[in-house]
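If you want the building blocks of each chain, they are given just below.
Number of protein chains: 2
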Amino acid sequence: MSQHLSVQVDDGDLVLLTDLYQLTMLQAYWKESMQERATFSLFFRKLPPTRRFMLACGQQHAAALASRLRFSSSALSQLAGTGKFDDAFLDWLAGWRFTGDIWTLPEGTPVFPNEPYMEVDAPIAEAQLLESLIMNLVQLETVLASKAVRLVMAARGRPVVDFGMRRMHGVDAAVRGVRAYRTAGLAATSNVLGGLRHDLEINGTMAHSYILAHDSEREAFRAFARHYPDTTLLVDTHDTLEGVRMVIELMAEEPDLRVSAVRLDSGDLGELAHRSRALLDEAGFEDIKIIASSGLDEFSIQELVEDGAPIDAFGVGTQMGVSADAPVIDLSYKLVEYAGIPRVKHSTGKVNLPGRKQLYRRRDAQGRYAGDIIANRDERSVDGEPMLVPLVQGGKLDASVMAMAVDARERVRSSLAEMPEALTRLAPGESDYPVELSEELKRLQQR
Amino acid sequence: MSQHLSVQVDDGDLVLLTDLYQLTMLQAYWKESMQERATFSLFFRKLPPTRRFMLACGQQHAAALASRLRFSSSALSQLAGTGKFDDAFLDWLAGWRFTGDIWTLPEGTPVFPNEPYMEVDAPIAEAQLLESLIMNLVQLETVLASKAVRLVMAARGRPVVDFGMRRMHGVDAAVRGVRAYRTAGLAATSNVLGGLRHDLEINGTMAHSYILAHDSEREAFRAFARHYPDTTLLVDTHDTLEGVRMVIELMAEEPDLRVSAVRLDSGDLGELAHRSRALLDEAGFEDIKIIASSGLDEFSIQELVEDGAPIDAFGVGTQMGVSADAPVIDLSYKLVEYAGIPRVKHSTGKVNLPGRKQLYRRRDAQGRYAGDIIANRDERSVDGEPMLVPLVQGGKLDASVMAMAVDARERVRSSLAEMPEALTRLAPGESDYPVELSEELKRLQQR
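Chains as they are written, first to last, in our numbering: chain U, 94 to 540; chain E, 94 to 540.
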């Protein structure tokens with residue numbers, strides 16, 4: 094085994110989080126003095142079967158990191174150690190920095206197959222190097238936000254809380270996942286570091302182990318409620334309804350105790366919620382809320398909501414934390430132009446769109462999405478709102494554009510209201526949302 | 094959006110990668126002066142439908158990190174900022190360290206449902222705090238190693254190379270994933286930082302963009318082969334067999350060029366491999382190898398191998414990188430003993446095994462796995478080899494035990510030969526591998 098125990102990846106090492114061929118190609122470009130400008134386009138070819146749209150997320154974060162990327166002396170000495178690089182090339186890498194432009198969709202924008210959601214224009218050795226890192230960073234947040242928004246839709250306004258840190262894929266997924274969840278509209282997270290970093294309310298309840306470590310459930314409830322006024326008590330360790338009755342008894346015994354909610358974490362959640370609600374209401378505790386968790390996904394939440402289960406908030410973990418039904422999208426980062434000439438790989442059966450592009454979104458008279466048009470970037474008089482914005486220009490992050498990310502959560506909220514109903518259905522199935530190519534792009538593609 | 098742009102998680106912040114309730118329960122234990130020793134057991138209840146065993150991985154790494162975990166002053170001030178913790182408790186956290194014992198299976202051990210693969214014995218406020226972090230760390234490496242070993246089995250001795258960094262879930266998954274891949278038996282990775290940190294050979298080929306950026310495929314091949322003797326050329330940008338013919342022509346023109354392999358990345362890989370092999374052999378290049386990639390998983394590799402496709406190595410990415418068919422296992426970390434008394438949650442339909450445990454693996458006369466027995470830890474004369482070892486004792490990592498992790502790759506290799514054939518089949522299905530409870534554990538469970 095490697096004796097590398099720390100899981101810390103310093104900002105200075107981040108530049109090494111790439112595929113080796115990026116660096117060998119870079120050295121080749123450097124040796125060949127190839128430094129014309131290239132454009133790479135980030136997109137995906139198809140939706141997972143269980144998604145009707147993806148929520149573009151992480152691209153502003155990735156662009157911001159790319160604009161600051163450097164080869165630290167530690168990174169350079171690690172590369173030197175591989176024996177694969179010339180000293181003169183490593184010297185050149187020491188001065189490497191991104192000087193190009195990055196266009197992105199604002200985070201939280203619903204996005205469809207073949208739509209450019211990021212375009213990088215830069216000398217080829219700059220744009221090429223970003224490929225692996227950008228894809229890794231964007232894929233994570235996009236996949237998680239696109240799953241999380243489905244839970245938010247299913248809950249129809251009831252708060253959804255992330256309890257999934259323990260089941261996510263490692264440290265970075267858990268921390269940056271909260272950023273995606275915030276964008277998608279989750280109400281809170283149990284994840285302390287994720288919540289602190291990415292400005293989402295942190296909350297939590299108690300674990301079964303706390304109950305079991307006490308001499309009795311009653312002792313455990315009493316102690317926890319004394320420590321934490323307005324806490325949530327986990328009532329299913331032995332028997333859910335007995336647990337609810339015990340909370341009620343305890344509050345009768347100690348009128349100063351304040352409990353804000355009970356949490357159901359096993360069994361038939363709908364049935365137990367109804368019966369718990371009845372017990373609480375009967376005892377005069379109409380204000381004690383019911384939180385449910387236990388392997389929930391968008392379909393079980395939808396069913397509970399449609400059945401009228403009196404559940405006030407949902408805690409979700411495993412299924413959302415890895416986007417279990419669609420843990421990956423086939424993101425591509427393709428060269429579409431070099432030295433002013435549109436380029437494209439001629440793969441059979443795959444759409445490849447040459448040249449620098451812009452995405453336009455059209456709306457109907459009610460403000461609802463009516464369809465998208467993918468066009469050449471400098472094409473005039475295309476119908477609709479241009480969606481890609483120049484977040485990084487000349488290697489510099491535009492703070493005013495970056496600030497759009499602050500509104501990503503609100504953008505998602507309003508998008509959900511502006512999408513055709515077929516896009517917001519949770520069941521697998523095609524939507525007929527129209528994505529067309531502009532006339533000029535069609536002509537360019539045919540050449 | 095959060096303005097937290099760095100994705101770096103310092104070792105000093107790692108302690109905050111936890112669920113809030115761990116910290117609120119800790120404060121409760123501290124207020125209640127509950128400091129008896131607890132034992133928590135890490136296990137999973139069932140295999141994903143497409144796995145016949147899991148490869149335990151990451152538990153030594155997680156234990157090593159746990160033994161060094163501290164609340165840095167930065168972590169404490171972030172906690173103070175939440176307003177949820179008393180100053181006196183935060184002072185106590187400043188001195189918090191793990192002083193207990195951690196028993197683990199050696200990494201690379203095949204593991205089955207309900208088997209303890211890690212047990213933590215410590216004062217409850219120490220053992221409790223580790224829950225979320227250990228689960229997050231162990232789950233990632235276990236899920237990825239358990240997927241990767243299936244690709245290794247499918248390839249029957251042909252090298253399997255990780256090309257998946259861009260599709261993994263963020264920075265830590267990509268870097269630590271390579272550690273899991275090394276254990277599982279992959280031959281190499283394209284991931285520079287992952288390979289450097291976790292001691293797996295780094296290699297790579299070239300991207301379509303390099304071909305497209307040159308005036309012709311021939312120019313690109315020539316340039317790259319001059320820069321990198323014995324390189325691999327990617328031949329499918331326009332037409333795979335034309336690409337192979339071009340490599341042959343180029344080598345005829347420039348006898349000094351040396352190419353070690355061609356890479357096929359689209360189309361019918363079996364058919365193209367046969368035809369490419371024929372072209373190369375006919376031209377006298379029997380030593381040029383063929384590498385195939387393009388959405389491969391264990392089933393497509395198995396089919397190619399069984400069909401006798403002349404492919405010398407496989408590059409795999411997307412499916413392996415997120416373990417797409419089984420991205421998560423339902424790991425549990427359960428309190429099984431407190432203050433010397435075995436404890437257990439009485440859930441309907443779930444197996445919960447009280448008390449401190451040991452796992453024994455029995456072998457038949459040929460040295461093959463014959464079945465496992467889960468026993469009480471201090472039980473005598475249980476048949477088989479005891480599998481859990483005390484990696485951390487009194488808060489100190491045992492370097493000689495930790496060194497077992499160096500052999501994890503070899504442990505996996507030999508395990509594959511020692512498992513009953515039913516366990517090594519790739520198709521979904523039950524194996525009848527016996528996992529039993531010892532007589533004493535059965536008695537304890539019934540009490």
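Fair warning: there could be bad hints in the mix.
Treat identical chains as interchangeable: a pair holds within one or across any two.
Result set (DSS-like, lysine-lysine): computed pairs, CA atoms no more than 27 Å apart in a straight line [unchecked claim]:
id: 1; residue 1: 438; residue 2: 489
id: 2; residue 1: 139; residue 2: 382
id: 3; residue 1: 438; residue 2: 382
id: 4; residue 1: 139; residue 2: 177
id: 5; residue 1: 139; residue 2: 438
id: 6; residue 1: 382; residue 2: 177
id: 7; residue 1: 438; residue 2: 535
id: 8; residue 1: 124; residue 2: 139
id: 9; residue 1: 382; residue 2: 489
id: 10; residue 1: 139; residue 2: 535
id: 11; residue 1: 535; residue 2: 443
id: 12; residue 1: 124; residue 2: 535
id: 13; residue 1: 535; residue 2: 489
id: 14; residue 1: 177; residue 2: 443
id: 15; residue 1: 177; residue 2: 489
id: 16; residue 1: 382; residue 2: 535
id: 17; residue 1: 535; residue 2: 177
Everything labelled a hint here was simulated from the structure, so no lab data went into it. Here the structure is a predicted model, which means the values were calculated and not measured.
### Message
Reference check for the pair residue 535 and residue 489, CA-CA at most 27 Å: within, between, both, or neither?
### Response
neither (33 Å within a copy, 66 Å between copies)
### Task
If the cutoff is 27 Å on CA atoms, where do residue 382 and residue 535 land: within, between, both or neither? Let me know, please.
neither (56 Å within a copy, 40 Å between copies)
### Message
Within, between, both or neither: how does the pair residue 139, residue 177 come out at a Cα-Cα threshold of 27 Å?
### Response
neither (37 Å within a copy, 45 Å between copies)
### Query
Is it within, between, both, or neither for residue 124 and residue 535, if the alpha carbons may be no more than 27 Å apart?
neither (36 Å within a copy, 70 Å between copies)
### Message
At most 27 Å between CA atoms: does that hold for residue 535 and residue 177 within a copy, between copies, both, or neither?
### Response
neither (43 Å within a copy, 59 Å between copies)
### Homo-oligomer pair classification [residue 489, residue 177; C-alpha up to 27 Å]
Neither: 31 Å inside a copy, 39 Å across copies.
### Task
With 27 Å as the alpha-carbon cut-off, assign the pair residue 382 and residue 489 to within, between, both or neither.
Cα proximity of residue 382 and residue 489: none, with 48 Å in one copy and 44 Å across.
### Message
One pair to classify: residue 139 and residue 438, alpha carbons no more than 27 Å apart. Within, between, both, or neither?
### Response
within (18 Å within a copy, 45 Å between copies)
#### Entry: Homo-oligomer pair classification [residue 535, residue 438; C-alpha up to 27 Å]
Within one copy, since 16 Å is at most 27 Å while 63 Å is not.
### Message
Cα distance capped at 27 Å. Does residue 177 pair with residue 443 within a copy, between copies, both, or neither?
### Response
Neither way: residue 177 and residue 443 sit 34 Å apart in one copy and 54 Å across, limit 27 Å.
### Task
Measure nothing new, just compare the shortest in-copy and cross-copy C-alpha distances for residue 139 and residue 535 to 27 Å and report within, between, both or neither.
Classified as within; 20 Å inside a copy, 52 Å across copies.
#### Entry: Copy assignment of residue 139 with residue 382, given that the CA separation must stay at most 27 Å
For residue 139 and residue 382, the Cα distance exceeds 27 Å both inside one copy (41 Å) and across copies (33 Å).
Checked against the numbered hints given earlier, the structure breaks hints 1, 2, 4, 8, 9, 12, 13, 14, 15, 16 and 17 and satisfies all the rest.
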